[in-house]
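Chemist: Going down the list, the protein sequences come from chains A and B.
Heads up, the first sequence is in my numbering, so the first residue is 155 and it goes up one at a time.
Heads up, the second sequence is in my numbering, so the first residue is 245 and it goes up one at a time.
Any given hint could be a false lead.
[As the list claims (entries may be wrong)] Computed beta-carbon distance windows for the label pairs: (1) I458(A) - D456(B): 49 to 59 Å; (2) A292(A) - G316(B): 44 to 54 Å; (3) M300(A) - P525(B): 55 to 65 Å; (4) I270(A) - L430(B): 48 to 58 Å; (5) H522(B) - M297(A): 40 to 50 Å.
[Stated by the list, open to error] Covered stretches of chain B (in silico footprint by chain A; criterion: 3 or more residues with CB under 8 Å from a CB of chain A, positions within the stretch not fixed): (6) 293-303; (7) 333-340; (8) 417-428.
Hints listed in this document are in silico derivations from the structure and should not be mistaken for laboratory results.
This one's a predicted model, so the numbers in the text were calculated from it and none came from an experiment.
Glycine included, C-beta positions come from ideal geometry on N, C-alpha and C.
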Amino acid sequence: MLGRLLGGRMLQYVMLIVVILVLNFMLPRAMPGTPLAFLAGEDVGLMTTEQREEVMAQHGLDRPLPHQFARYMGNLLQGDFGYSFQQRRPITDILMERLPWTLLLAGANLVLTTIIGVLVGAVAAWRRGGRADAGLLATFVFMAAMPSFWIGMILVAVFAAQLGWFPVYGAYSTYAGLTGWERIVDIGRHLVLPLTSLVFISVSSVFFTMRYSMLSVLREDYISMARAKGVPERLVKYRHAMRNALLPVLTIFMLNLGFIFSGAVVIETVFAYPGIGRLLFQAVLTRDYPVLQATFLLITMTVIIANIVADLLYPLFDPRVRVR
Amino acid sequence: MTAALQVRNLSAEYSTSTGVVRAVHDVSFELRRGETLGLIGESGCGKTTIGQALLNNLEAPGRIAGGQVMLGDIDLLSLSGKALRRTRWDRIAMVPQSAMHALNPVYRVGDQIAEAIELHTSATHQAALARARELLDMVGVDPGRARDYPHQFSGGMRQRVAIAMALSCEPEVLICDEATTGLDVLTEAQVIGALRDMQRAFELSIIMISHDLHMIGRVSDRIAIMYAGRLVEVAPAEDVRTDPRHPYTQGLLSAVPALTAEPQHLEPIPGLVPDLRHLPPGCRFAPRCPFAIDECDHDIPPLIETVPGAQGDRRLVACIRDGDLVGKQSA
Ligand SMILES: Nc1ncnc2c1ncn2[C@@H]1O[C@H](COP(=O)(O)OP(=O)(O)OP(=O)(O)O)[C@@H](O)[C@H]1O
Ligand SMILES: [Mg+2]
Numbered sequence: 155m156l157g158r159l160l161g162g163r164m165l166q167y168v169m170l171i172v173v174i175l176v177l178n179f180m181l182p183r184a185m186p187g188t189p190l191a192f193l194a195g196e197d198v199g200l201m202t203t204e205q206r207e208e209v210m211a212q213h214g215l216d217r218p219l220p221h222q223f224a225r226y227m228g229n230l231l232q233g234d235f236g237y238s239f240q241q242r243r244p245i246t247d248i249l250m251e252r253l254p255w256t257l258l259l260a261g262a263n264l265v266l267t268t269i270i271g272v273l274v275g276a277v278a279a280w281r282r283g284g285r286a287d288a289g290l291l292a293t294f295v296f297m298a299a300m301p302s303f304w305i306g307m308i309l310v311a312v313f314a315a316q317l318g319w320f321p322v323y324g325a326y327s328t329y330a331g332l333t334g335w336e337r338i339v340d341i342g343r344h345l346v347l348p349l350t351s352l353v354f355i356s357v358s359s360v361f362f363t364m365r366y367s368m369l370s371v372l373r374e375d376y377i378s379m380a381r382a383k384g385v386p387e388r389l390v391k392y393r394h395a396m397r398n399a400l401l402p403v404l405t406i407f408m409l410n411l412g413f414i415f416s417g418a419v420v421i422e423t424v425f426a427y428p429g430i431g432r433l434l435f436q437a438v439l440t441r442d443y444p445v446l447q448a449t450f451l452l453i454t455m456t457v458i459i460a461n462i463v464a465d466l467l468y469p470l471f472d473p474r475v476r477v478r
Numbered sequence: 245m246t247a248a249l250q251v252r253n254l255s256a257e258y259s260t261s262t263g264v265v266r267a268v269h270d271v272s273f274e275l276r277r278g279e280t281l282g283l284i285g286e287s288g289c290g291k292t293t294i295g296q297a298l299l300n301n302l303e304a305p306g307r308i309a310g311g312q313v314m315l316g317d318i319d320l321l322s323l324s325g326k327a328l329r330r331t332r333w334d335r336i337a338m339v340p341q342s343a344m345h346a347l348n349p350v351y352r353v354g355d356q357i358a359e360a361i362e363l364h365t366s367a368t369h370q371a372a373l374a375r376a377r378e379l380l381d382m383v384g385v386d387p388g389r390a391r392d393y394p395h396q397f398s399g400g401m402r403q404r405v406a407i408a409m410a411l412s413c414e415p416e417v418l419i420c421d422e423a424t425t426g427l428d429v430l431t432e433a434q435v436i437g438a439l440r441d442m443q444r445a446f447e448l449s450i451i452m453i454s455h456d457l458h459m460i461g462r463v464s465d466r467i468a469i470m471y472a473g474r475l476v477e478v479a480p481a482e483d484v485r486t487d488p489r490h491p492y493t494q495g496l497l498s499a500v501p502a503l504t505a506e507p508q509h510l511e512p513i514p515g516l517v518p519d520l521r522h523l524p525p526g527c528r529f530a531p532r533c534p535f536a537i538d539e540c541d542h543d544i545p546p547l548i549e550t551v552p553g554a555q556g557d558r559r560l561v562a563c564i565r566d567g568d569l570v571g572k573q574s575a
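Bound-form chain B, shown alone (with noise of 0.2 Å):
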């Protein structure tokens, strides 16, 4: 099975009075065709970034400083001006962080999704308008509400509306961010419920951004997790719920409350995030590991292949102590 996303080696980074920022550290990972990988990290370890910079979109001072994106066989990171233009949204979208803010507010929803099949497609501006009453209809939203302007809708309505702006040119991957942040359960139960509905009617491979592992662990087949900067595990879902590899997936497990299990004791990684910009020399985790040796701070451990899981699927991790612990550490 062909990917529908390969991500090699991107590196981004933000230059600031301060110095570089390198928020996203040679990531590496494959979307696969009709899947739901889920990205997670905490606040501020580079989630957005990746995803902007997936369709090539890093608005300054941010800058892409290497890799590929590649989309078939097309590198969404060589293309610029036009040939970008015309690529991004047909055939890879997102919806964005803060989707509140991402709708023009002086324009009719109608008309701003309309904006975006008329760029793509030849169709007029009466037919690009119902074809977003269409989508709107999809996502759950009244259709005749597209003449509505963006601070009629409430929170959970425009994240819909993005959703439906996302989807307008029927791409074939879709980035999420954060896409249910900040929505009552109930709300995110039925943006994500649409969010399925579309992954079935479009053939969608989506990408989950989130620091919300419950929410991920439920929608995601796969998960990648992301620590300053960098991925430190990527293993189908199950897997990380039951089976975490990475000291720091372990770590966030025993962090975040089981919805389902008795009261339990929560423990909090100890320790912070470290500055982007005075990174430890070797495994960026290495501060702040129960299982730290020396050797940890001597290189940048690298994202190989591991033993799998009860999954049987393919699962990658980054630590050097990872033989070592297996079976060790579950306990």
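Just chain A, same shape as in the assembly (with noise of 0.2 Å):
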């Protein structure tokens, strides 16, 4: 039952997938000027015409394009990703040295964001109108106003340069050569600055989207009839609203989780935070094409990836979107 429905939804995704595989393809082709400058930047100018050619045939550059573009699905099907001239590095290997910390940081935000603001949203729900309601409500609003480069830079002013009691910039200590447990107390340091400047940007988001879904909820009918038919308070809230209410949270926890690698660029940026946000920004100023090519692909594919195992989850929390 659920294969068919899923059936028909793979195969569109699997469509958008090549879709997105063959613009990714194109997309250094169809620039002006030669793939080789897309690919080796500015050095192009500065190289001999022996090494122009050389490098086009490594990178199989003289051959039709239809053989191209196997030999690029055939390399990312390998995890290559290709080459960047400026690093010097296989994009791979510095996608894989990005992706934990940004995983970590992005990953944290997601669950916390998510727990903090369905419980908090849920309470001013039930307090609707009352002072705590008022005062949260006021509270997210000024949260979800804020620019997230000054909150970043208000935490560091206080916390990491008046206070010093967190390191302003970075993921871990470098020199510090720290093991075990002390290596995971200093990235937990590390972590919070940017770590609550990221949730603070972002909780807003879901416990405004908490707030008014038990607010409906609340107000629909089966409601007063579990409460007529002697269901006691707490059980109301939990087991009838609740359950009714977190629908339309999953679906902004499916968006933020499609985000992850994109959602705290600004933020890593800030606390220069070495995760893929911080990469696409370093590669769009120093215009990194083949680094920023590789990380769009995969925030792409994220995007579709949550969107699958959205359509996957959906049926195990809402019977109305069940295949009988």
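Fit chain to chain and form the complex, with the hints in mind.
Modeler: Right under this line is the structure:
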């Protein structure tokens, strides 16, 4: 049953992925100038003709397009994202080095944001119109309105520069040579400020979604019915209301999951956090096109994968989207 | 014969941004054991509010403004918290208006019925589920569908599921708020048939709320007619049909086509239902009443006993001209 629904969906996703791969392949070839300029950037001007031909041949750029595409796909399937002339390293190595840090930062943010937003949003809705609700609403509007670099800079100024409680930048102390538990603590201390800033700017959307969703669920007849039936208030809230109110939050969660690599660009840059976001920023500054191209592909694929996961998860939470 | 439910001076109101709306004003009536009492009135006159108030289940911004709802010697309105949760559904239950939306979309209907049973008895989940399947069978839903979710049922079936849920703890009193509104006639007949069977099986006393005079006339033993938050007449169903006393009841009857009669001239009641925030000082129906005299605007006419009709049963009417008009009006 599930299979049939997903069969059709999956086909769409596969087609989408193919389109993206083709676009990603065409991008450098559609740009003005030779693909070589795309690959090697400004260094091209310094190369001799022989050097150019050698690089072209090395990357198969002298072969016909279909051949080039096959080679591109083959490389991707082997996890080879190409080569960064700027950094003089394979892009896969660069990505693998950055990936864990972004996963740590953005993953922790996703978990915290969801838990805080859901709980606080539900409490605000349950106390609708009360003082707690008004206070929370004002707080979260304020947080939603704050520019991300600004909150980052304030945190750095106060907790890093003034108080000296936390390190200013990076994900770990480079030259301390820490190991074991000490290294974990060191990484944790580096994580506090960027994570706090990130939670600050992203928690509001979950809070607002949850609060609104809970408010509309509480107005539903089945809630009044549950009370009439004799369901104690605590169970009305958690068993009957929470379960339904969470459905829109799941959508937000999946959206955020899709943007896990791209959501932290500003914060990673402000805190010089060595993640994918900062890599993207640096690649823009240095016009490292192959790295940009690979990063975009990674980000796009993540969005699609998050969508696929969402399609698989929804039926578990909402029987209405299940197929009989 | 003692009453199954005795309602005394019940008032309920909603606080809105434009003021307090007293949707139910000083309503008293009794529900006799084993009878079906129809409660009828135009949209917005306060029927649903009465129904919810009888269960002491008015949701904010609504609140009970006074009165008693006696179930035996317990006043349901004086209960709260655990005591209220225990009594409600065990002794008095309801099929809410829009039973369509009364089922939680994310749980199986069997589990939702079983939940009520588990809360009120010591039954295990398995036993409660088995009972839920029996109840579904009784209201004409395939018990195998206990494992289905609400969205998999049609409107009429959901209505029956809601009835099964209301009957899950074998209450003495059942309130059906528009239990058949929106159903086609055949489905309506089936649902009413199921209710009748249940009434016999459980010795139920039923309050049927509706604005459908035909349906109410067919299923009720007695009928209470409501106008703008107050009862204006209470009488045996047959008397209401053949010998309506209150001018509003008469107006209602002449505004509704009789199914069996010849094509007839329908007479809508002129004017509109008053805004509950700006009520006339005296009789609320006076501005629309063809028999109104100056005195009608002075005081609210009380609902008092009047001359019995052909059925010989007690009947009540709230009209100061009741005495003068007897005989003249039913022509
Ligand atoms: N939540 C609410 N807030 C404010 N006013 C309300 C609310 N619910 C009902 N009312 C008002 O109370 C009055 C009675 O409403 P109620 O739902 O009891 O009418 P009803 O007789 O059941 O109507 P219908 O036949 O349309 O179901 C109406 O005037 C309505 O506007
Ligand atoms: Mg109603």
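Chemist: Give a verdict on every hint.
Modeler: The hints, checked one at a time:
Range check, I458(A) to D456(B): Cβ separation about 53 Å, and the 49 to 59 Å hint holds. Under the hint 44 to 54 Å, the C-beta atoms of A292(A) and G316(B), about 50 Å apart, fit the expected range. Between M300(A) and P525(B) the beta carbons are some 57 Å apart, a value that agrees with the proposed interval 55 to 65 Å. Judged by the Cβ atoms, the range 48 to 58 Å given for I270(A) and L430(B) holds: they are separated by roughly 53 Å.
For H522(B) and M297(A), the hinted distance range of 40 to 50 Å is satisfied, since their beta carbons lie about 45 Å from each other. With a cut-off of 8 Å between beta carbons, the region 293-303 of chain B has 4 residues touching chain A; three or more are needed, and the interface restraint holds. Evaluation of the coverage hint for the region 333-340 of chain B: fulfilled, as 5 residues show C-beta separations to chain A shorter than 8 Å, against a requirement of three. Note: the region 417-428 of chain B has 0 residues with beta-carbon separation from chain A under 8 Å; the three-residue rule is not met and the coverage is violated.
Of the numbered hints given earlier, the model fails hint 8 alone.
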